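Undergrad: Sequence:
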Amino acid sequence: MKDQQKAMIAAVLNALIIGLSFIFVKMALVIASPTDTLAHRFTMSFVAPTIPVLFGWVRLSIRARDILRLLPLALLYPALFFALQTFGLVYTSSSEAGIIQATVPIFTMVMATCFLKESSTWLQKLATLLSVVGVIYIFAMKGMSVGTGNSMGTILILLSALSLAGYSVLAKKMTKSFHYIDVTYMVTIIGFLSFNAMAVYRHAAEGSLSAYFAPFAHTQFIASILFLGVLSSLVTSLLTNFALSKMEASRLSVFGNLSTLVTMAAGVLFLQEQLAYYHLIGAVMIIAGVVGTNFLRAKSSVSKQQLRTKSQSMT
18 MKDQQKAMIA
28 AVLNALIIGL
38 SFIFVKMALV
48 IASPTDTLAH
58 RFTMSFVAPT
68 IPVLFGWVRL
78 SIRARDILRL
88 LPLALLYPAL
98 FFALQTFGLV
108 YTSSSEAGII
118 QATVPIFTMV
128 MATCFLKESS
138 TWLQKLATLL
148 SVVGVIYIFA
158 MKGMSVGTGN
168 SMGTILILLS
178 ALSLAGYSVL
188 AKKMTKSFHY
198 IDVTYMVTII
208 GFLSFNAMAV
218 YRHAAEGSLS
228 AYFAPFAHTQ
238 FIASILFLGV
248 LSSLVTSLLT
258 NFALSKMEAS
268 RLSVFGNLST
278 LVTMAAGVLF
288 LQEQLAYYHL
298 IGAVMIIAGV
308 VGTNFLRAKS
318 SVSKQQLRTK
328 SQSMT
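Just so you know, we're using my numbering here: the sequence shown kicks off at 18 and counts up by one.
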């Protein structure tokens, strides 16, 4: 299997896990606060890879002096992304947040062009835009539009989208110098430290430190946090960093919109939500955008390679 095919499979699996994660987030938030959920989520994502590292089953090549280089990456995601998203949802609706988050591929494409010198054709740009419009269309047809929350929430969610786009661009650059497993482990450690510090500080301020581990008395919370910590945090980071080591950041970001389709399908299957005509129209737009972004790129690359081969044969 070619590297590009592996990267695409990783991107699709990543979108699948993220799409399912919303159900588990809802299950966890019934029992614990957002800060406690994030803290325990990243504790699980830190413990899971640390066990094989301690036993020598997985060897890291990262050195102490490399930590400072990777620190900005880890601060962008998960620290800033999840913190801004969590507090942004306090001031705005989830639908508005979903619309704003759908613009991540556009931000990523602009940043990748500026900082990574990634090139894309106009057809690729239009395909990316089509995918974004598909997500916005689904949310808009639900009767929710931008403006339902206040300006503070909008700004925080917008900053979270920018931090995710910045992470994709910076991670693409970092995976050229570091192995994607090393990058993932460093990101996980920062998430573990950041969110546990937030949760402990909140409990200490409220005098409720004894309640920090209380959610683990519920089986539903344990199941949710295992999925969120191991699959939705650790595995998705691995898949993202692996894909970024093989494909352009702008192409990978478009796959993120597939998670909207997975969330929609999961709602229909597990929560008995109704499937409307606009869901299907939006789904076609998203899939066409993802396929177009990647197929048009492949076709363009093949054409360039054929021209180079023809030019070399003529000389």
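Possibly wrong hints are sitting among the right ones.
[Claimed, not checked] Pairwise CB distance ranges (calculated):
1) M169 x K43: 19 to 29 angstroms
2) G73 x F230: 45 to 55 angstroms
3) K134 x L46: 35 to 45 angstroms
4) D20 x A157: 49 to 59 angstroms
[Unchecked claim] Taking lysine-lysine pairs in the PhoX-like style, the calculated list, with each CA pair at most 25 angstroms apart, reads:
5) K23 x K193
6) K190 x K159
7) K134 x K19
8) K190 x K19
9) K23 x K142
10) K263 x K19
11) K142 x K263
12) K190 x K43
13) K142 x K43
14) K193 x K263
15) K134 x K23
16) K23 x K263
17) K193 x K19
18) K263 x K134
19) K43 x K134
20) K190 x K23
21) K193 x K134
Treat the hints as calculated values from the structure; they're not laboratory data.
Predicted model, so just to flag it, every value in this text is computed and none were measured.
Glycine included, each C-beta is placed from N, C-alpha and C at the ideal position.
Undergrad: It remains to establish, for every hint, whether it holds in the given structure.
TA: Evaluated hints:
1. Separated by about 24 angstroms at the C-beta atoms, M169 and K43 satisfy the suggested range of 19 to 29 angstroms.
2. Range check, G73 to F230: Cβ separation about 30 angstroms, and the 45 to 55 angstroms hint is violated.
3. A hinted range of 35 to 45 angstroms holds for the C-beta pair K134 and L46, which are about 41 angstroms apart.
4. At about 37 angstroms, the CB distance of D20 to A157 disagrees with the hint of 49 to 59 angstroms.
5. Only pairs whose Cα atoms come within 25 angstroms are accepted, and K23 paired with K193 is accepted, the gap being roughly 17 angstroms.
6. Our distance criterion of 25 angstroms between C-alpha atoms is broken by K190 and K159, whose separation comes to about 38 angstroms.
7. Between K134 and K19 the alpha-carbon distance is near 24 angstroms, which keeps this suggested pair within the 25 angstroms criterion.
8. At most 25 angstroms may separate the alpha-carbon atoms for a hinted pair to count; K190 and K19 meet this at roughly 21 angstroms.
9. Simply put, K23 and K142 have alpha-carbon atoms about 23 angstroms apart, close enough for the 25 angstroms limit, and the pair holds.
10. Between K263 and K19 the CA atoms are separated by roughly 10 angstroms; this keeps the pair inside 25 angstroms, and the hint holds.
11. Distance hint between K142 and K263 is fulfilled; the C-alpha atoms sit about 20 angstroms from each other, no more than 25 angstroms.
12. Restraint check for K190 and K43: the C-alpha separation of about 34 angstroms exceeds 25 angstroms, so the hint is violated.
13. The straight-line distance between the Cα atoms of K142 and K43 is roughly 34 angstroms, outside the 25 angstroms bound, and the hint therefore fails.
14. A C-alpha spacing of about 10 angstroms is found between K193 and K263, which places the hinted pair at or below 25 angstroms, so the restraint holds.
15. For the given pair, K134 sits about 23 angstroms from K23 by alpha-carbon distance, which is consistent with the 25 angstroms threshold.
16. Taken as a hint, the K23 and K263 pair is honoured in the structure, with Cα atoms around 8 angstroms apart against an allowance of 25 angstroms.
17. Among the hinted pairs, K193 with K19 is consistent with the structure: their alpha-carbon atoms are about 18 angstroms apart, no more than 25 angstroms.
18. For the given pair, K263 sits about 16 angstroms from K134 by alpha-carbon distance, which is consistent with the 25 angstroms threshold.
19. Distance restraint check for K43 and K134: the Cα-Cα separation of roughly 39 angstroms exceeds the 25 angstroms cut-off, and the hinted pair is therefore not satisfied.
20. Of the pairs offered as hints, the one joining K190 and K23 holds, with about 19 angstroms between alpha carbons and a cut-off of 25 angstroms not exceeded.
21. Straight-line distance between C-alpha atoms of K193 and K134 comes to about 15 angstroms, which keeps the hinted pair within the 25 angstroms bound.
The structure is inconsistent with the numbered hints 2, 4, 6, 12, 13, 19, although it conforms to all the rest.
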